[in-house]
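Peer 1: Okay, here's what each chain looks like letter by letter:
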Amino acid sequence: MEQPVVHVGGLTKVFKVPEREAGLRAAAKSLVRRRTRDVRAVESISFDVARGEVVGFLGPNGAGKTTTLKMLSGLLYPSGGEARVLGYVPSKRERDFLRQITLVMGNRNQLQWDLPALDSFELNRAIYRVPHEQFRSTRDELVELLEVGDLVRKPVRNLSLGERMKVEIVGALLHLPQVLFLDEPTIGLDVTMQKRIRAFVGEYNRKHGATVLLTSHYMADVEALCRRVIVIHHGRILFDGQLSALGNEFAAYKTIGVVLENGAAPLDAYGELIHRDGDRATLRVPKAETSRVAARLLSEQQVLDLTIEEPPIEDVIELVFAQPQ
Amino acid sequence: MTVEAAPLPQAGRLRSFVDFYATTMRTAVATQFQYRAANYFYMLGMVAEPVIYLVVWSAIARSNGGNVNGITAEGFAAYYIVWTLVRNMNIVFGAPFWEWRIREGQFSGQLLRPMHPIHFDIAYFAGWKFVVIILWIPIAVGLSLVFHPALSPSALEIAVFLVAIWGAYLLRTAVQETIGMLNFWTTRGAAVFDLYMASELLLSGRLVPLKLMPEWVQTLANFLPFKWTFGFPIESLVGNMSTQSLLLGLAAQALWIVGSFVVFRFAFRFAVRHYSAVGG
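Protein sequence lines, in the order shown, are assigned to chains A and B. For the first sequence, counting from 1, position 99 maps to 115 in the working numbering; every step adds exactly one. For the second sequence, counting from 1, position 133 maps to 157 in the working numbering; every step adds exactly one.
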């Protein structure tokens, strides 16, 4: 059996942060005695990711997603536990490890601000020791896939946020990394641009068999790319499994859509009526009662059509995030 | 546990290092060319400081019967015109900029590269110097026409000077980057930088040629890094130093460079462990 590309076991990160009360007296006090507090950003998390998998890392702000990605890419030293990526310990930041990964952070610019992106690409070629021929073909392919033909000749500072993100991604992938850590790569982008970047990541994953760990607040990103999701909250993993199973685990209800012959029939007795438009209605009912309510509707009403659905993924995620600490 | 790693592009280590340095230097030159007017304003600002010293010391020399401690007005002119080149060679990635680099998330980007960030700084600022030197030449010619420097270096002095200005660059880089590491523990690393700058001003030959300082200051300066970044490179060209002094100076500079980079290496290793990547 093939070893996982990413292996995380009991990984923990604790930050020591200074704190003090407001006011002059507290400021003077802190001169003599500094107070610090431990913030447990990531608390003993464990998971494996296989080669070629695209895994969505979900959680509200401050859940520990980015901290985890930073530990896996070697930016942060873990406070405990172990992490291995491609067999390497990320915190050792060995050259051969760094040549095979990339971390793309939305809204973060790593290209030379004053120069056209082509110059930064050339610099990355030298940094990652990419042979000239391979560099040219990869660059041209990525430029074409992301449709940034003319943009790479403009100084980076003159590009829009979306354009910059696209050339940023080209720069981050020129060395054809095997593992991609994408931290909100579509943040702040318009819907079309989000879609393009999403499609590109999927294409790169398929073509190069790359492993992708993605964080995003846009569920469309996750739904389009990830079959598996890991939900992290307060530094702990709440769920690790198929995206489709997330609803079963956390949503306590399902929705029943009905089309009635008699559009005016009262439906309050069957569940929470969340939408009604003429003869069409949507009901929210407790998961355990779904079959019974559906059977009642079919026997008591003149139903033309009936569908039972899992709640939208956004609603499920909202429920997950609302979990108490 | 290991997994089969993807094949990596292999190239000679030295060749790829040269390629990296050359590419980064080209990038620095291209960046500088983006701001032509700013470059001239920068150079004018850089020249203001030595011209003030030069005017003051020339006036003192003339009112003192032609010289101060054996340095004539023409000698001061030579000292401070060479100073302008040495000062430009001494521009490095300054310690206070580490705070910016961390806060803006630039450092995270650099840590992700399979190349130590110090190489980027050395290569980038070395490339930048080529633009500055081109801009310096007309300024040096203009200052020479006005102040008539007394300068007739030997071939050995020129050779030592050319090595010493790059040595000064490397030494100042190592010292400033080491001080920059303080930013990983405190947001007030600038205070130490200010102390460094004040010491450098007095003990390097930047403000006053060391020859004019008391004997004990000159002795102290020999045992500190500052002189090897300013006074020594200038004196190697204008100071009529003996061959032995020139070679000993280069040796002292080399020792300081090696020692400073060793300290930096340790400081960097601990700093990275302490890094919290708050800026991204």
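Calculated directly from the structure, the hints in this document are not laboratory data. Hints should not be assumed to be uniformly reliable.
Which bits of chain A does chain B cover? Going by a derived footprint, with three or more residues having C-beta under 8 Å, they are [to be verified]:
(1) 68-80
(2) 117-126
(3) 142-155
Being a predicted model, the structure only gives us computed values, none of them experimental. Backbone N, C-alpha and C define an ideal beta-carbon position, used for all residues, glycine too.
Peer 1: Enumerate the violated hints, using their earlier numbering and listing them in ascending order.
Peer 2: 1
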